[in-house]
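Trainee: So you can see what is in the structure, the chains are spelled out below.
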Amino acid sequence: MLGAAARAAAEPVRQVLVLQSVDRGNLVIDEFTGAFRVELDQRAEKPVNVIQIVVGPTGFAGASEQAVVDYIRSTFIDRRQPDLIMTVGGPAAVFARKYRRQLFPDTPFLFASVDRRYLGDAPLGDNETAVVVDNEFSRVIDTVLQLRPQTRQVFMVMGSGQIGRFWHRELEKQFSRFHDRLTFVWLDDLSLAEILRRCASLPGDSAIFYVSFGTDAAGAAYADDRVIASLHTAASAPLFAAHSVYLGAGIVGGSLMSIDELARTAAGTADRLLDGAAPASLKVPLQRPGQPIFDWRELQRWGIPESRLPPGSGVRYRPPGLWSTHRAAVLTAVGVLAVQSVLIVSLLYQRRARQRAELESRSNLALAADASRRQTMSALTNSIAHELGQPLSSMIHNAQAGRMMITGERATPETMGEILSDIESEGVQATQIIDRHRAMLRSHQLDTKSIDLHTVIHESLALVAHDMRARHIEAAVNLSSHPCLIAGDQVLLQQVLVNLVMNAMDAMAETPPSRRRVTISTEVRATDVDVSVRDAGTGLPVEIKRTLFTPFVTTKAHGLGIGLVITRTIVDAHGGTIEAHDNPEGGATFVVTLRRSKTPQTPSGPPGAA
Amino acid sequence: MTSGDHGLLKPPRVLLAEDHPGVAKAVCRVLSLECDIVGTVADGHAVLEAARQLQPDVIVVDLNLPGIDGLEVCRQVTQLNPLAKVVVFTATNDPDIRQRAFEVGASAFVSKMAAGGELLSTVKRLCADRKEVQIPPSTRR
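As they're listed, the protein sequences go chains A and B. Here my numbering is used: position 144 in the first sequence is 144, and no number is missing along the way. Here my numbering is used: position 53 in the second sequence is 53, and no number is missing along the way.
Simulated from the structure, these hints should not be mistaken for laboratory data. A few of these clues could be false.
To be verified - Ranges of calculated distance between the beta carbons of each label pair, as one might list FRET restraints:
{"hint": "1", "chain 1": "B", "residue 1": "Glu49", "chain 2": "A", "residue 2": "Ala487", "range": "25 to 33 Å"}
{"hint": "2", "chain 1": "B", "residue 1": "Pro11", "chain 2": "A", "residue 2": "Ser421", "range": "52 to 60 Å"}
{"hint": "3", "chain 1": "B", "residue 1": "Glu49", "chain 2": "A", "residue 2": "Lys173", "range": "29 to 37 Å"}
{"hint": "4", "chain 1": "A", "residue 1": "Glu474", "chain 2": "B", "residue 2": "Ala128", "range": "37 to 45 Å"}
{"hint": "5", "chain 1": "A", "residue 1": "Gly417", "chain 2": "B", "residue 2": "Phe102", "range": "56 to 64 Å"}
{"hint": "6", "chain 1": "B", "residue 1": "Leu80", "chain 2": "A", "residue 2": "Arg471", "range": "36 to 44 Å"}
{"hint": "7", "chain 1": "B", "residue 1": "Glu118", "chain 2": "A", "residue 2": "Glu414", "range": "53 to 61 Å"}
{"hint": "8", "chain 1": "A", "residue 1": "Ser421", "chain 2": "B", "residue 2": "Glu118", "range": "22 to 30 Å"}
{"hint": "9", "chain 1": "B", "residue 1": "Ala114", "chain 2": "A", "residue 2": "Ala487", "range": "32 to 40 Å"}
{"hint": "10", "chain 1": "A", "residue 1": "His458", "chain 2": "B", "residue 2": "Pro66", "range": "15 to 23 Å"}
Unchecked claim - Here are some chain A residues the structure puts well away from chain B; computed CB gaps all over 10 Å:
{"hint": "11", "residue": "Gln66"}
{"hint": "12", "residue": "Phe175"}
{"hint": "13", "residue": "Glu194"}
{"hint": "14", "residue": "Arg288"}
{"hint": "15", "residue": "Pro292"}
{"hint": "16", "residue": "Gln390"}
{"hint": "17", "residue": "Ala401"}
{"hint": "18", "residue": "Glu426"}
{"hint": "19", "residue": "Leu540"}
Each residue gets a CB set at the ideal place from its N, CA and C atoms; glycine is no exception.
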């Protein structure tokens, strides 16, 4: 132990050897590796050096496996041995298990993102742990049958390489239970051009299942994103897949394995192994696909009614509502309504007939918005007093201490200097609290800029932090490691987040304190980002689900129920969508989907590119 | 050494339970002018543990501690350590909470915004009372 500590002090850069299943181009593995790298860098307190070697057939074409093992060993011949070895995907795991005794047997081993079928029944060694996934491909077929009961044929699109052959074998076994209803047509013996031609003229009772690609039967290699884009353009039948990275690229959707989530879990495990945790002690649960999500555009394209979606499904890419398509007209109307509202309010005030007027004005959206703003303001005013209390109390007591030291002739220039500098920084802190609230309380015009959605989330949580603590609610923040720039209005989006979080908090009034938790997560995809706010409350009452975003629908004992309408309006104005569903384990989740900025960004570059 | 000597000659031994680091630091500055700060803790569970281990004369408790509700901390700490005086130190002026704090055993209630050294004078006043109490030697070092 002492030796290890001394070595760590002398060589703080820890070495992680990543053994890849395939070269770049596999969308699932590329996304996983990119997100893993960013996530690990964020978690690890000391620098980590990642050395990546492709051990699958695309890495060393024609070389014997033993030559690959020798190459890996020679890489470390005159440098520090790896502190952790991680495999990504199935083929690399199979390779590493076969040559485990030659590959630094004392180094902890993590088999990441590996389907359980690749690991088989052989138990893991003492120095090994795994983040195992169950891709549940047959659930994709269940989804096909649920959405399109007329389906009789499923065309399986996959490459002809090692991965394609493996899955062809496995899936034929797994899909045997569908054989009385479906015929599976395997296209892995065709070139990409032939596959595209075939998929362009499929009969109406067909579906296409995209597994992954690599190389086609002609031996040509293609990246997944290119194959799926061509397939989406050409295909005459709906496209399905099992991984979240394909949503938005042309698949209809279903219960998808979240690659972001998988990378987070793997990075967390790797970080603990690097910190010295015993691999055998880390039992990571089997990773399964999440809640079903669908692409609205594909549902429309193939005429699939939303009533056929499984309960609790999310729908993304719904086109923006009236507010954003006719923004000028709507803003003019809102402007007129706003002026009208001000007049009405002042008249009502003069006549002291507020109660009657409020009833009359409930049909007036502008007034309702006004009511919502005042309601939020009063809630924030309450928390600002509590929040400001902390720096003010510090300032009062620091000043008291200083005064007493002077009176008792115990003041030294050093202690007085420290006290004054603390008072100064507490003053700055108080000013920041006021600024944060003032930005929210001020009347506001829509002001679209490039903003970081993660900053919006942190600022919103700071606004409600006091209320949360007072109500014994824990906030769990689970943000994507990818940067999250969007074109939007920071203040209005904070309003959205604050509304959703306060709504979640209200829903948990009856939840036992130990279970009161609001989870805010982001999932970043190629063109858009989901922000979800999940609670452990009472869930969405049946009679409310259909009318959730209609004014005056509320389950709260107080309040106008207008918050969610304002929220929807703001999201619409950003060209986004919002939907809500019940969680299987109780409570509800609201998901806001927003478009990402087209601004070029480099989220630390794809690993292994150098 | 007798317990009486201890109370008269030594400054009051204070345990501070406050989760805001800035407030805790400032309050320590004030109290340490005339008290012995035996510990500062930042959550409800830690108050109970520290009260048991450190046997302070006075415990200054913020009502909004994470972990255990402040009033519950107050109730348990007075049962655990009946000789210690509990000062509730909080931003709220709610008379109901004030009433409940006294019901669960608090000896004083001081506002976080109180000026003029009120916290220090309250701690000293409570310890002046304490000198009249016989402290069993077994509970004190």
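Trainee: All hints, please: hold or fail.
Mentor: Outcome of the hint check:
1. One distance hint, 25 to 33 Å for the beta-carbon pair Glu49 of chain B and Ala487 of chain A, is violated here, with the actual separation near 51 Å.
2. Here the CB-CB span from Pro11 of chain B to Ser421 of chain A is close to 27 Å, at odds with the stated 52 to 60 Å.
3. As the Cβ distance of Glu49 of chain B to Lys173 of chain A is approximately 57 Å, the hint placing it in 29 to 37 Å is violated.
4. At roughly 42 Å, the beta-carbon separation of Glu474 of chain A and Ala128 of chain B lies within the given 37 to 45 Å, and the hint holds.
5. Gly417 of chain A and Phe102 of chain B have their C-beta atoms about 40 Å apart, which leaves the hinted 56 to 64 Å range violated.
6. The given range of 36 to 44 Å is broken by Leu80 of chain B and Arg471 of chain A, whose C-beta atoms sit roughly 27 Å from each other.
7. Take Glu118 of chain B and Glu414 of chain A: their Cβ atoms lie about 27 Å apart, and the range 53 to 61 Å is violated.
8. In this structure, Ser421 of chain A and Glu118 of chain B meet the distance hint of 22 to 30 Å, their C-beta atoms being roughly 25 Å apart.
9. A hinted range of 32 to 40 Å is violated for the C-beta pair Ala114 of chain B and Ala487 of chain A, which are about 49 Å apart.
10. Here the CB-CB span from His458 of chain A to Pro66 of chain B is close to 19 Å, well matched to the stated 15 to 23 Å.
11. Distance check on Gln66 of chain A: its Cβ is at least 57 Å (rounded) from any Cβ of chain B, clearing the 10 Å threshold; non-interface status holds.
12. Interface exclusion of Phe175 of chain A from chain B stands, the closest Cβ pair being 52 Å apart, more than 10 Å.
13. At roughly 64 Å, the least C-beta separation between Glu194 of chain A and chain B is larger than 10 Å, which holds for a residue marked as non-interface.
14. The beta carbon of Arg288 of chain A is kept farther than 10 Å from every beta carbon of chain B, the shortest such distance being approximately 33 Å.
15. Distance check on Pro292 of chain A: its Cβ is at least 37 Å (rounded) from any Cβ of chain B, clearing the 10 Å threshold; non-interface status holds.
16. Its closest Cβ contact with chain B, about 5 Å, brings Gln390 of chain A to no more than 10 Å, contrary to its assignment away from the interface.
17. Look at Ala401 of chain A: its CB is around 4 Å from the nearest CB on chain B, not clear of 10 Å, so calling it non-interface is violated.
18. In this structure Glu426 of chain A is not separated from chain B by more than 10 Å, as the shortest Cβ-Cβ distance comes to only about 6 Å.
19. With a minimum CB-CB distance of about 30 Å to chain B, Leu540 of chain A clears the 10 Å threshold, and the non-interface call stands.
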